[in-house]
Amino acid sequence: MQQDILINWSPQETRVAIVETGAVQELHVERTLERGLVGNVYLGKVARVLPGMQSAFIDIGLERAAFLHVADLMSSVAARHADNDKGEPAPVVPIEKQVFEGQSLLVQVIKDPIGTKGARLSSQISIAGRLLVFLPQDQHIGVSQKIPFEQREALRKRLQGLAEAAAADGKTGGFILRTNGEDASDAELGEDITYLRKTWARIKEASTRLPPKSLLHQDLSLLQRVLRDLVSEMTQTIRIDSSEQFAKLKTFGQEFMPSAVDKLQLYKGERPIFDLFNIDEEVGKALGRRVELKSGGYLIVDQTEALTTVDVNTGGFVGARNFDETIFKTNLEAAGAIARQLRLRNLGGIVIADFIDMTREDHREAVLAEFRKQLARDRVKTMVSGYSALGLVEMTRKRTRESLAHMLCEPCPVCDGKGSVKTARTVTYDILREILREARQFNPREFRVIASPDVIDVLLDEESQHLAGLSDFIGKPISLQAEGSMSQEQYDIVLL
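Residue numbering for the sequence shown follows the UniProt record's numbering, starting at 1 and increasing by one per position.
Quick caveat, the hints were computed from the structure, so don't treat them as lab data. Wrong hints could be hidden among the right ones.
Said to hold, decoys possible - Straight line, CA to CA, 20 Å or less: simulated SDA-like cross-link-like pairs of lysine to any residue:
| hint | residue 1 | residue 2 |
| --- | --- | --- |
| 1 | Lys146 | Met383 |
| 2 | Lys198 | Met257 |
| 3 | Lys381 | Ala306 |
| 4 | Lys422 | Glu434 |
| 5 | Lys285 | Lys381 |
| 6 | Lys268 | Glu244 |
| 7 | Lys418 | Gly288 |
| 8 | Lys422 | Ile435 |
| 9 | Lys213 | Arg48 |
| 10 | Lys157 | Lys198 |
| 11 | Lys329 | Gly391 |
Using the sequences plus the hints, can you model the full thing?
What follows is the structure, encoded as structure tokens:
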């Protein structure tokens, strides 16, 4: 299936949409102010060595000095590898014998600054590619622990062969196969190796040319990751609406991804590029619970911390005569819609799909086969376990980044993410109980209730008799004050 990639760039945000057959399938967003430092490589300058803490503060040009512990020094990492290989404990050389104040040191950020704490550093450089992670100072060949154990050794030997072939030209360094490289061909792995070695060569060259506290390498921006991670054989065009970024992306592509350069196009249309396929409208729908289907049915998507549930509904009764067929067609359409929503919303972890109950076994199998077929288009790894004893389809989808909802939204300050609030009557009864509780502990002149206008209306109208009865019972007057800025669940009881 052919696809187009549309890139909407602005100084504050980059948005990338992958479109197939006129419908957006994936959306990637990166905000300039929210880009972290993890992965960045600096030529740092040792500002202070602390033998008591076995650590050092490194100046990398940020507001606060960064922190380097002895365990993250390259010599300590190499010692741990030796320990693992030989089964013997390797001695750790004290940090004061390895670094000194004023020394220039090649370091990489492994943890962003948080609050008053500076960034955490390592002197073992690792460069992430599409399929591999390159360890230029190491000879270690490894495979992601997330890949099934029985496949790891064969993959490690394959990678070892490719690395040795490159080492024949005098190029050293180790590699770790990433999870998404499990099914990659030798040609794809070779392309990634070439890209990673070029990147390391640029870092080394910059370290000899630039002064201390310089940024030598920044992890790829979303624009660059489009060429590295998102372009495939199915990609027809990559259209971008910024001439400046188009030129930068073309330069980057010519050096690292020459096969993708011919697909780059500068969009010069008068309409915003995302309006071509109503992408903003699709994003709005992807943030809602309900997704309409062409058949008249709909999906209800609920994302929780533990899992995501997708409920399929027909949308109305169509008569007993064609009911089985209608359910089957709705479920078939829903199979494709669910797979698309998982990609578009970037939902990961456990997913439970509740298709409409089907009486015929051939219908059940056909829907499951269609669901698996649609999921096979996903660039992220998925696993479907089939129907459970309760008729639910259970599956998992690998988490790669935050979901679209978590990136673009935050919990509602009124309902705190619950999706519902107490009724005005429920809050009214909470208030009456609270006044009674306070009256047993304190002896004020008067109780004043400050609450939302809807709650105050209930107290003045439907519950006025109960309020008066409570006032007589506790022997104190109760006054009311409406506060428009309060949500329905908020209230204060002031003792006067």
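Does the structure keep lysine 213 and arginine 48 at a Cα separation of 20 Å or less? 14 Å, holds
Compare the distance between the alpha carbons of lysine 285 and lysine 381 with 20 Å, and conclude whether the hinted pair is satisfied. 24 Å, violated
Starting from lysine 198, check that the Cα of methionine 257 is at most 20 Å away, please. 11 Å, holds
With a cut-off of 20 Å on the C-alpha distance, tell me whether lysine 268 and glutamate 244 pass. Given pair lysine 268, glutamate 244 holds - Cα atoms ~13 Å apart, limit 20 Å.
Hint check: lysine 418 vs glycine 288, CA-CA at most 20 Å. Holds or violated? This hinted pair holds, its Cα atoms lying about 14 Å apart.
Is lysine 329 close enough to glycine 391, meaning Cα to Cα at most 20 Å? 17 Å, holds
Lysine 422 and isoleucine 435: Cα distance at most 20 Å? Answer holds: lysine 422 to isoleucine 435 is near 18 Å, not above 20 Å.
Tell me if the straight-line CA distance from lysine 422 to glutamate 434 falls inside 20 Å. 16 Å, holds
When you check the alpha-carbon spacing of lysine 381 and alanine 306, does it fall within 20 Å? Holds: lysine 381 and alanine 306 sit about 18 Å apart, inside 20 Å.
Straight-line alpha-carbon gap lysine 157 to lysine 198, limit 20 Å: Not OK: lysine 157 and lysine 198 at ~24 Å, beyond 20 Å, violated.
Satisfaction of hint between methionine 383 and lysine 146, Cα-Cα up to 20 Å: 13 Å, holds
In summary, the structure is inconsistent with hints 5, 10 from the numbered list given earlier, while agreeing with the others.
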